[in-house]
Amino acid sequence: MPLITIEVADSVPVEKRLAYADAINAGLAEGLGMDVEDRFQVIHALPANHIIADPNYLGGERREVVFIRILMVRMYDNATKNRMYEAVARRLEAEGVRPDDVFIAVNENTLEDWYPGARGKRG
Amino acid sequence: MPLITIEVADSVPVEKRLAYADAINAGLAEGLGMDVEDRFQVIHALPANHIIADPNYLGGERREVVFIRILMVRMYDNATKNRMYEAVARRLEAEGVRPDDVFIAVNENTLEDWYPGARGKRG
Amino acid sequence: MPLITIEVADSVPVEKRLAYADAINAGLAEGLGMDVEDRFQVIHALPANHIIADPNYLGGERREVVFIRILMVRMYDNATKNRMYEAVARRLEAEGVRPDDVFIAVNENTLEDWYPGARGKRG
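Chains A, B and C supply the protein sequences, listed in that same order. According to the numbering used here, the first sequence is numbered sequentially starting from 1. According to the numbering used here, the second sequence is numbered sequentially starting from 1. According to the numbering used here, the third sequence is numbered sequentially starting from 1.
Simulated from the structure, these hints should not be mistaken for lab results. Remember, predicted model here, so these are calculated numbers, not experimental data. Using N, Cα and C, we set each Cβ at its ideal position, and we do this for glycine too. Be careful, since some hints might not be right.
To be verified - Computed from the model, here is a short list of chain B residues facing chain C with C-beta under 7 Å: (1) R39; (2) V42; (3) I43; (4) W114; (5) G120.
To be verified - To list a few chain C residues with every Cβ distance to chain A over 10 Å, as calculated: (6) A19; (7) D54; (8) L58; (9) E64; (10) N109; (11) G120.
Claimed, not checked - Pairs of lysine-lysine, DSSO-like flavour, derived with a Cα cap of 30 Å: (12) B:K121 to C:K16; (13) B:K16 to A:K121; (14) C:K121 to A:K16.
Chain A with its partners taken away, still in its complex shape:
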């Protein structure tokens, strides 16, 4: 039941944005061992100058960053998170996103913090 927020420049065409979302979902499924059907994502397309990232801080060379925020239950160890980051970046690269432009931030909560619809059961 992760909830994914994707913030991307609105110069990226709609079909490409949706392909990014597919790639991110596949990366989460691969990296976390998550069901591919466990898919809840929101895409925010914003003017390029409203997405601000230092080009070189911490290493690499950023040009057009895609911010990916992941809210998920606290249950994955660091090795699993690293595997997920790598899987997301690799799959986004296949869609044309430079790996330096992938920026992921995770935020964790608990199982009781989710309400997935009236008839949904918590994962």
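For this one, chain A is given, so just place chains B and C on it according to the hints.
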């Protein structure tokens, strides 16, 4: 001092979006015992295909999901959270949102994590 | 490696929004002792009636709130956070934002929750 993020399809008319925000506020007040004046909400209206939710995962049948993110102080037990989820879904239903289409995710912080304006005091 | 979300009315001109983002970055650098290059920000410009804040709750008088969400690593004590809030509000005031209209919410994670690009190293 919860901060609420509402992500809704931009096909929902503006007045309806605002009615959803009212309903969500009333649901939080009812479910958490929160003051109705303790209201801080942001509505993001997005293209329908930018709000992605698996139609059946975990049960129910989703069609046009409204994502509701709640950032609030860690102080409510699970029974209280459940009462709030139910109150929000019930009040949104009165505005025409199917209960299966209500998706809530809570995220918690502490009282010291809020700055409610220069003359605001932390709740 | 904080990630900053700025939600502001779209009636604020683009150059002003960017000036707000500069001011917020400078306030974080001053208050937290953060590098100014450690800058990752997203600006969401929204219709004014989609940014909802009670005008007087908790004190002060809100008119046109700027919501600032800060996701950062859990490592700052309360005195440091307070210094940062004050620095952000002061620097925004220099750009014309009334201090009562500054609303900040912090959310914390850990160092392992960040992936700052393929060649980025965690802060």
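Here's how the hints hold up against the structure:
no.: 1; hint: R39; in the structure: 5 Å, holds
no.: 2; hint: V42; in the structure: 5 Å, holds
no.: 3; hint: I43; in the structure: 4 Å, holds
no.: 4; hint: W114; in the structure: 6 Å, holds
no.: 5; hint: G120; in the structure: 4 Å, holds
no.: 6; hint: A19; in the structure: 12 Å, holds
no.: 7; hint: D54; in the structure: 24 Å, holds
no.: 8; hint: L58; in the structure: 24 Å, holds
no.: 9; hint: E64; in the structure: 18 Å, holds
no.: 10; hint: N109; in the structure: 5 Å, violated
no.: 11; hint: G120; in the structure: 4 Å, violated
no.: 12; hint: B:K121 to C:K16; in the structure: 28 Å, holds
no.: 13; hint: B:K16 to A:K121; in the structure: 28 Å, holds
no.: 14; hint: C:K121 to A:K16; in the structure: 28 Å, holds
Of the numbered hints listed earlier, those contradicted by the structure are 10, 11.
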